[in-house]
Amino acid sequence: METVSQSIQGIPLNHYILLSAIIFTIGVIGVLIRRNAIIIFMSVELMLNAVNLLLTAFSVYWGDASGQVFVFFIMALAAAEVAIGLAILTMIYRNTNSTDINILNRLKW
Amino acid sequence: MSALITITILALLLLYLGLFKAKKALLPVALIGLMVALVLSLMEWDSNAAPIFSNMMLYDRFAVAFSGITIFLTILIIALSKDYFERISSNVAEYYALILFSLAGIILMVSYHNLSMLFIGIEIMSVSLYILAGIKKRDFASNEAALKYFLMGAFSTGILLFGVTLIYGASGSFDLEGIKQYILKDPTAVSPLLYTGITLLIVGLSFKVGAAPFHFWVPDVYEGSPSLISAYMSTVVKVAGFAAFLRLIMFSFAPLQDFWIPMIIGMSVLSLLIGNVTAVYQQHFKRMLAYSSISHVGYMLFAIIALNGSSDNAVFVYAAAYSVATIIAFGVLILLQGQVGNDSFDSFNGLARKNPFLALTLTIAMLSLAGIPLTAGFIGKFMMFSKALSSYHIFLVVFAALNAMIGIFYYFKVIVAMYFKEEDRKELIVPVYFKLVLGFSALVTIALGVYPDFIASLI
Amino acid sequence: MEVQSLPVDYLPILFQMLVALGFVVLTMTITHLIGPKRKTADKLSPFEAGIEVVGNARTPVSIKYFLVAILFVLFDIEVIFMYPWAVNFREFGVEGLIEMFIFMATLLLGYIYVIKKKAIEWGD
Amino acid sequence: MLLINLVWLVPLFPLVGFLINGLGRNVLPKGVIGFIGSLSILLSFIVSIGIFTELNASDIKSFYIPLFDWIHTAAVKVPFAFQIDPLSSIMLLIVTGIGFLIHVYSIGYMKLDNGFGKYFSYLNLFIFFMLLLILGSNYVVMFIGWEGVGLCSYLLIGFWFTNPSFATAAKKAFVMNRIGDLGFLIAIFIIFATFGSVEFGDVFMQAAKMESGNTTLLWITMLLFVGAIGKSAQIPLFTWLPDAMAGPTPVSALIHAATMVTGGVYMIIRSNILFTLSPVTLHLVAVIGIITAILAAAIAVSQTDIKKVLAYSTVSQLGYMFLGLGVGAYTGALFHVITHAFFKALLFLCAGSVIHAMSNEQDMRKMGGLKKKLPITFVTMMAGTLAISGIPPFSGFFSKDEILAHAYEQSPLLWVIGVITALLTSFYMFRMLYLTFYKGFRGTQEQEHHLHESPATMTIPLVILAILAVFGGLIGIPEVFGGHHWLAGFLAPIFEHPGLVIVAETPMNHSTELILMAVSVGGAIIAALYAYSRYVKGSHIPAVDGSSRDLLSKLSYNKFYVDEVYEFIIGRPLNALSSFFYKIIDKGAIDGFVNGLGKATSEGSKVLRLLQSGNVGFYIFMMITGIVALLVYGFYNI
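Chains A, B, C and D, in that order, are what the protein sequence lines are.
For what it's worth, the working numbering labels the leading residue of the first sequence as 1, then goes sequentially.
For what it's worth, the working numbering labels the leading residue of the second sequence as 110, then goes sequentially.
For what it's worth, the working numbering labels the leading residue of the third sequence as 569, then goes sequentially.
For what it's worth, the working numbering labels the leading residue of the fourth sequence as 693, then goes sequentially.
FYI, nobody ran anything at the bench for these hints, they're computed from the structure.
Every residue gets a Cβ at the ideal spot worked out from N, C-alpha and C, and that includes glycine.
Incorrect hints may appear among the rest.
[What the hints assert, rightly or not] No farther apart than 27 angstroms at their CA atoms in a straight line, the calculated lysine-lysine pairs in the DSSO-like style are these:
#1 Lys463(B) <-> Lys863(D)
#2 Lys1063(D) <-> Lys463(B)
#3 Lys245(B) <-> Lys605(C)
#4 Lys132(B) <-> Lys605(C)
#5 Lys685(C) <-> Lys632(C)
#6 Lys246(B) <-> Lys611(C)
#7 Lys632(C) <-> Lys133(B)
#8 Lys803(D) <-> Lys530(B)
#9 Lys289(B) <-> Lys246(B)
[As the list claims (entries may be wrong)] To spell it out: a stretch of chain C is covered by chain A in this simulated footprint if at least three of its residues, at any positions, have a beta carbon under 8 angstroms from a beta carbon of chain A; those stretches are:
#10 627-640
#11 677-684
[As the list claims (entries may be wrong)] The calculated label-pair distances, taken between Cβ atoms and stated as ranges, are:
#12 Asn451(B) <-> Ile29(A): 53 to 59 angstroms
#13 Gln290(B) <-> Gly664(C): 46 to 52 angstroms
#14 His764(D) <-> Gln290(B): 50 to 56 angstroms
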C-alpha cells in the first residue's frame, strides 16, 4: 500500500491534472458534437471518470482519504444516473423510435 | 436534522402505502408528515449551532430558515396535487415519494457544511426531478423536457464536480471551514486551481438556479413538465439552489470577492435582459412564467453581488415573495389547463367575471411579481435594490429598474386579459384545496407586503 | 524498492507496441487487398444455423432484461460503501455496525419494494 | 391633539368603503353603494376639518404619527408613519372635500351604468391611495400612494374597456406614468444611499447642511422631477392626459384635474429644500413648466371635443404650477393647486353635466344654445371660466398672478410667455363656453328632445364648487390689495429648516405689480372679447374635418371686416400652429417615441427568443461558450 502511493506520488501532480483535464475535455467535446443521446450520455460518464481520476490523485497527494470516499459517492451517483437516463431514453425511444437529440425540438421560443 | 430524517422516512412510508393500495391516505399522510417536519425543523432554531456528523452539516439559522420555507412551499404545492397525479397514471405514491426525496436532497443543500454533502444533496434532488419531469410517459413535451433536463443536468453535474475537485486539489479539504481557512491564510497567493474551481462551481450552481447564460433548459423544461412539477421546480428547487449558492459564497469565498463579483454581475445582467425581454413576446402563460423566473434570478443575484451579513435575509424575503406568488400563478394555470386545455393569454379573457376569486388572487400574484408596493414582491425588490445600491452598483440598479418596467408590461397582460377583455366562457370549477392554497398564498403576499417585519430580519 | 524510472526505460515497451500494432494493420490490409470478393445475397445475409432469416436483428427485447440489468447495477454499486467500512471495521466499533445495519436496512426496503412491484418476476 | 393622533382614520374610511363596495358590488343596491361610497369620504372630510382646526390652533406645526415599522432590518428601516403639517392638512381638505363632492355627483352621473359598484369601489380606493401619498412621512410611503393612484387611474381610464381605444388610452397612461415612476424610484434609492434614511425629517435635516449645487442633490432632484413630469403630465410625457379623458367624466374631474395630477407639484413642494439647493433643476422645472403651459394652451385652441379642451387646459395649468415651483414660488404653486382644484373640477363636472344632457355627445360642434336648457350648468360653468381666465376677483386671478409676479422677478421673458398663455387660456375657455351655450342648437332632433338639466345630486356639487371657484382666491389676497396672504403665513413652517429658511423673494414694489396685473387681466378680457366676436357675433364653427372650403365661403358671408383681419392675422396662424403642435409634436414625436420604445422591446423580444432554439446541442454549446468566457475572464484576472 505504501509503495503504491509512493510511486503514484513519484509522478508530478501536474501530469494527473493535465491527463484528467484532457479526458474531461474529450468528454465535453463528445457531449458537444455527438447527436446520439446514448453517446452523449457516455461522454458525460467519461467526464465523471476524469473527475474520479483527479480526485484520487489529489487524495493521494494530500494523504487524505476523503477524496477517495468522494469518488465512491460519484460512482454511486453515476449508477443512479445511468438507471434514470436509460429509463428516460427507453421511454423516448418507444415514442419516437429514435435517440437522436435533434428531433427533440418541439419546445422552443 | 430531525426534519431531514422525518422527510426521508415519510417518503419511504408513502412508497409502502402505495404498495399496499392505501391511495386515499397518501395526500393526508404527506401533508401531516410535512407539517411535522416543518415544526421539527423550526424547533431547531439555534443561533449557536455547531457542525454535526463529523462536520458534514451545520443546522444554523440560515439552514433552519431555508428548510422551513422549502418545506412550507412544498406543503402548498402538494396540497394542489389533489386529483392531479391520478390523471397521469396509477403510480401516485411514487410521485409523492419522489417529490419528498427531492425535498430531502434540498434540505441537504441548504444545510451542508461540506462540499460532498452539497453534491449529494444536489444529486438526490436532480435525479428525482429528472423522473418527475417525464412522468407523462405518452406526452412528447414531457418526454422532451425530461431528456433535455437530464442531459444538460448531467453535463452540469460534471462541471460542478470538476470544480469541487479542483478546489479540493488546491485546499486539501471539502469542508467549508477548511477551504475558508486555506483562502484566509494568504488571500493573495491562492493556487490558480482554486480560481478555476470557483469558476466551475459557480457555473454548476448557476445552472441549477437557471441564471443566464446557463438558463437554456429553464423555459423548455418548465413548459414541457407537468404544471405541478414546474411549480415545484420554479419555486422550491430555485430557492434551494439559491440558498446553496449563497451559503457556499458567504461561507467560503467571501474573501475572494474581487475575483467572482464581475462574473456574477455579468450573469445577473444577462439574466435580467434575456428573461424580461424574451418574456414580452410569449403568448403562453406558462412559458412567460418560465422566462420571468429567469429574470427573478437576475434580481436575486444582487444579494450575492452586494455580499454582506444581511444578504441571506434579502434572498430569503425575495425568494419567499417570489415563490408564494408563483405558486398562485401555477395554481390558476393548473385549473386552466385542466378545464380549458390551453394556457395562452387569450384563455384568461373574461376570467374576472366568472371567477372573481381566482382573478383576484392571480392579480395579487402578478402585482407581487411585478413589484408593486403593498405586495411582498415590492419588499423583495426594495431590499435587493437597496442592497445593490449600498455597494454602489448604481448602473446595475438603473438597469434592473428598467427591466422591472418591462416586467410590469407582461405581468399586466394577464390582468388586462382577465378584467378588460370580454369573452363568453364557462366558470372554472375550483376545488376546496385550491381555494385554500390560493387564498392563503394571496393573504401571505399581502401580509408580507404590508407588514414584512416579521420575516425581514429573521436570519 | 526505490526504482528510478526514466523515459528511456520505457522505450522497449514502445517498440513492442509499435511492432504489434504494425503487424495487425499490415495483415488486415494485405488480406483485404489480395483476397477475392464474391458477393451474393446468401453470403451477405446473417448466418442463423442454416435456416431462413426471419425479421430484423434489432427487434425490441423485453423490458425485463433492462430492468434486471439496471437493478443489478444499482444494488451492486452500493457494495462500494461497504469497503471503507470493512477496512476500518474495528475503529468504527459498535456504532459503525449499527450505522451499516441502517444502511443495509434501507437497501432491503428498496429490495422489498422491487419484489412487491414484481419487477424481477419473469412472467409475462 | 386628539384628532391629529387619530389621523389614520382619514385613509381608513375610504379603505373600508372600498372593501364594502368591492365585496358587495354585485349584491348591494345602487343607492346603498353610492351612500357608503360618499359617506366614507364625508367622514374623512370631517376628520380632516378637525385636524386642520387643531393644527391651526396649535403652536407646533409638524406632527409625526408612527403606525408601525414597515421594513425593519439591520440595513433598512422604513416606518409606516404619517406626517401632519400645514401642507398635508390643506391637501387633506382638498382631496377629501372635492372627493366627496365628486362622489355625490357620480351617484347621479353613473346611475345607469352597469359597473356602478365597481366604479365606486375604485373611486374609494383611489382616495385611499391619494391620502397615503399626502400623509406619508417618508418617500417610500409616498411612493406607495403614488403607485396606487396610478393603478386606480389606470383602472378608471379603462373603465369602459369594451371600447378598444379606451383600453389603449389606459395602457398609454400606465406606460407613461411608469417612466416617471421609474425616475422617482431611482431617486428614492439614491436618497437612501446618500442620507441613509427616507424619512422626510431626517433627509431634509441632513440636506440643509449640504452646499447648494451639490451633484448628488442634482441627481436626486432631476430624478424626482422625472417622476413629477410623468404624474403631472409635463413635456415630454403629457400626451397620456388628453387620452385619459376616455374615463367617466367625474373621474377626469377628480383624478386628472383636481388631485392625482397635482401629485407631482405636491412632491416638489414637499421636497422644497432639495430643489432649492439645486438651482439647475429649478431652472429646468421653470422652463419645462412654461413650455408645457404655452404648448398645451396652443393645442387647446383648436380642439373640438369639450373634454379634450379641458384636458389640454389642465396640462397648461399644471405647466403654470411648475413655472411657479421653478421660480421658487412654492406657496404660489400650492395656491394655484388649490384654486385649480376648485375651478377645474367644476369645469369638468359642468362638462359632464353637458355630456349627460347631450346623451354622451362630446363634440362642441354639435352643441350650442344650451344656456336656456341647462341654466345651472351654464351659470356655474361661467364662474369656472371666469376663474380660470384670471379675471378678478375670481380665484384663478390671485393664484395665477402670484406665479406671474414671481416669474417676472426671475425673468421678464418667462412673464411674457406666461401672459400669452393666459390670453390663450382665456380665448379657448370662452370659445368653449360660447360654442356650447350660445347661438342655436346644432345637434340632432333626438338630442334636442332629450335635453334636460341634471338631477340635484349633480347640480348641488356644481353650485358648491362654483362658490369655491369664485371665492377661493380669498385665502391668498396679496399685500397690494391690502390682504395679508393667509395661505403664505399658514404654510411658512414647512419652508423652515434648521439652519436654512426658504423665503420666496419679496414681491416687487406695488406699482409694478399693479401694472403687470393690469396687462394680464386686460389681455384676458380682450381675448374673451375676441372669442365673443368670433363665435357669438360671427358664426364661426370649427370645420368638420376635410371641409375647409365650406368654412371659407361661410366667412365671406360675414360683413365683419375686423373679424376677417383678426382671422388672417391671429386666427389662422393660431389654428395652424395649434394643429401643428397637436399633430406633429403630440401625436407624432412623443407618441412615436413612446410607442417606438415599446416596439423596440417587443422586436428585441422577437429576436432574442430565437436564441431558445429548442436544440439541446445548441444549448450545450452556448453553455460551454459561457464557461469558456468565464474561464478566460478568470485567467486574465487572477
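Right, here's what the structure says about each hint:
Only pairs whose Cα atoms come within 27 angstroms are accepted, and Lys463(B) paired with Lys863(D) is accepted, the gap being roughly 24 angstroms. Annotation: proposed proximity of Lys1063(D) to Lys463(B) is violated, straight-line Cα distance about 46 angstroms (limit 27 angstroms). Distance hint between Lys245(B) and Lys605(C) is unfulfilled; the C-alpha atoms sit about 52 angstroms from each other, more than 27 angstroms. Using a Cα cut-off of 27 angstroms, the hinted pair Lys132(B) and Lys605(C) is violated, with the two alpha carbons roughly 67 angstroms apart.
For the suggested pair Lys685(C) and Lys632(C), the alpha carbons sit about 13 angstroms apart, so the restraint of at most 27 angstroms is met. Straight-line distance between C-alpha atoms of Lys246(B) and Lys611(C) comes to about 42 angstroms, which puts the hinted pair past the 27 angstroms bound. Pair hint Lys632(C) plus Lys133(B) does not hold up; C-alpha atoms about 30 angstroms apart against a cutoff of 27 angstroms. Restraint check: the Cα-Cα separation between Lys803(D) and Lys530(B) comes to about 23 angstroms, which is no more than 27 angstroms; the hinted pair holds.
A hinted pair counts as satisfied when its Cα atoms are at most 27 angstroms apart, and Lys289(B) with Lys246(B) does not qualify at roughly 46 angstroms. Given a C-beta distance limit of less than 8 angstroms, the hint that chain A covers the stretch 627-640 of chain C holds, as 3 residues qualify and 3 suffice. Beta-carbon proximity to chain A at under 8 angstroms applies to 0 residues in the stretch 677-684 of chain C; the threshold of 3 is not reached and the given coverage is violated. Checked against the hint of 53 to 59 angstroms, the C-beta distance between Asn451(B) and Ile29(A) comes to roughly 42 angstroms, which is inconsistent with it.
At roughly 29 angstroms, the beta-carbon separation of Gln290(B) and Gly664(C) lies outside the given 46 to 52 angstroms, and the hint is violated. Checked against the hint of 50 to 56 angstroms, the pair His764(D) and Gln290(B) fails, with Cβ atoms roughly 35 angstroms apart.
Comparing the model with each earlier hint shows violations of hints 2, 3, 4, 6, 7, 9, 11, 12, 13, 14; every other hint is respected.
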